[in-house]
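Novice: What follows is each chain in one-letter form.
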Amino acid sequence: MIGLEAERVFKKTALFGLLFLVGAGLGLYAGWELGSSFESVREFHAFRTAEEKAFLRTYESMASLWIVNMGSATRLQDPKYGAERRREYLNLVLDAAQEGRTQATDPAALTLIDVEAGITYARLAMVEEAAGNLPASQTWMQKAQTTLQQAGWKDYSKAHVREIVQARNRIDACDCPGKK
Amino acid sequence: MKALKLCGMALSSGLLVGVIAGSYAGTWIDGVLIWREMSAGTGYAELSNLQYDQADTDHARQAQLGFTQFSQSMSKLHSAQGDKPLLIDTGRAYLRLAAIEERAGNSSLSRQYVLNAQQSFRSIGRDIPEAELDKQVAKIVSTVPANRPPS
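Residue numbers (my numbering), protein chains in the order written: chain E, 30 to 209; chain X, 524 to 674.
Next comes chain E alone, as it looks inside the complex (with noise of 0.2 Å):
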């Protein structure tokens, strides 16, 4: 008799739990999309007009490309990457910058582009120097020099485009003064 009724109480609460979960995901999935709807519409509100939206997709491509950019450059600082993890996420960060070229419509926004797209044509010769393979590195550095040539660089020499490069790893990679 106590069975019977310790065996109906348990599935009453079992059934109450199971609901109570299923709404509160479907409360979640709800409420979730309504927090973010708000801090997305909070956020870009003021954006209306062509050009406003026009700002937008660049703004979204130039952090997007910085994010990448900085993925990447604080992983190319571990020597235990080898080359083909490097060229994967370089590779990624001249896809960011494709991206960036397709939405942006700000011409200083697409040469800034194009100069972080140089950087990065110069860390994949640098790469492939590391790895011995001389043909493919002098190709990738002959295309940065064009690129950053074409960007109004003054000096696009070799020498110049590595030493910039690799102050810009420092800095990208937040291998800064001070740092622990």
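None of these hints come from the bench; they were simulated from the model.
Do not take every clue at face value.
Label pairs and their computed distance ranges (CB to CB) [what the hints assert, rightly or not]: (1) E:Lys82 <-> X:Pro608: 36 to 42 Å; (2) X:Ile611 <-> E:Lys82: 23 to 29 Å; (3) E:Leu163 <-> X:Glu655: 49 to 55 Å; (4) X:Ala548 <-> E:Pro108: 26 to 32 Å; (5) X:Pro608 <-> E:Glu89: 18 to 24 Å; (6) E:Pro136 <-> X:Pro608: 21 to 27 Å.
Here chain E is said to cover these stretches of chain X; the calculated rule only asks that three of the stretch's residues, wherever they fall, bring their Cβ under 8 Å from a Cβ of chain E [said to hold, decoys possible]: (7) 537-550; (8) 560-571; (9) 574-586; (10) 599-609.
We put the beta carbon where it would ideally sit given N, CA and C, even for glycine.
Chain E is fixed; fit chain X onto it per the hints.
Specialist: Relative to chain E, chain X alone:
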């Protein structure tokens, strides 16, 4: 009937708890928006400064001007409201523009950029006298970026 009531109560209380928790979690996206804002601002500033150091005058001017306009548009983003470093970067970009125009002999435009820089610094509570900013422009003018000719 009693069972139906119980089921409704379970579902609605779960829904209520879920909506409250979800709405709160949804505001975490604010952190993502701030991260993107910082990345876009820093990326643009870093690359335009690199252009100022490495490129010819026209490209250096284009990059600095581009950054000041970009930063102005960014100030309309809610996530940029507390980004004081962005305003410092903007002020410094105006000082570089002032130096570029000073070198080019466009004194009135250079003056305008100094005033823009002053306004940018003022918006974060730093009231820097014009004479002090003029000194900083003169210092930038005298520091010609060291570039070798292409070899």
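Novice: A separate judgement is required for each hint: does it hold in the structure or not?
Specialist: Do the hints match the structure? See the list:
no.	hint	result
1	E:Lys82 <-> X:Pro608: 36 to 42 Å	violated, 26 Å
2	X:Ile611 <-> E:Lys82: 23 to 29 Å	holds, 28 Å
3	E:Leu163 <-> X:Glu655: 49 to 55 Å	holds, 53 Å
4	X:Ala548 <-> E:Pro108: 26 to 32 Å	violated, 39 Å
5	X:Pro608 <-> E:Glu89: 18 to 24 Å	holds, 20 Å
6	E:Pro136 <-> X:Pro608: 21 to 27 Å	holds, 26 Å
7	537-550	holds (count 14)
8	560-571	holds (count 9)
9	574-586	holds (count 9)
10	599-609	holds (count 4)
Hints 1 and 4 from the list above are not met by this structure, while the remaining hints are.
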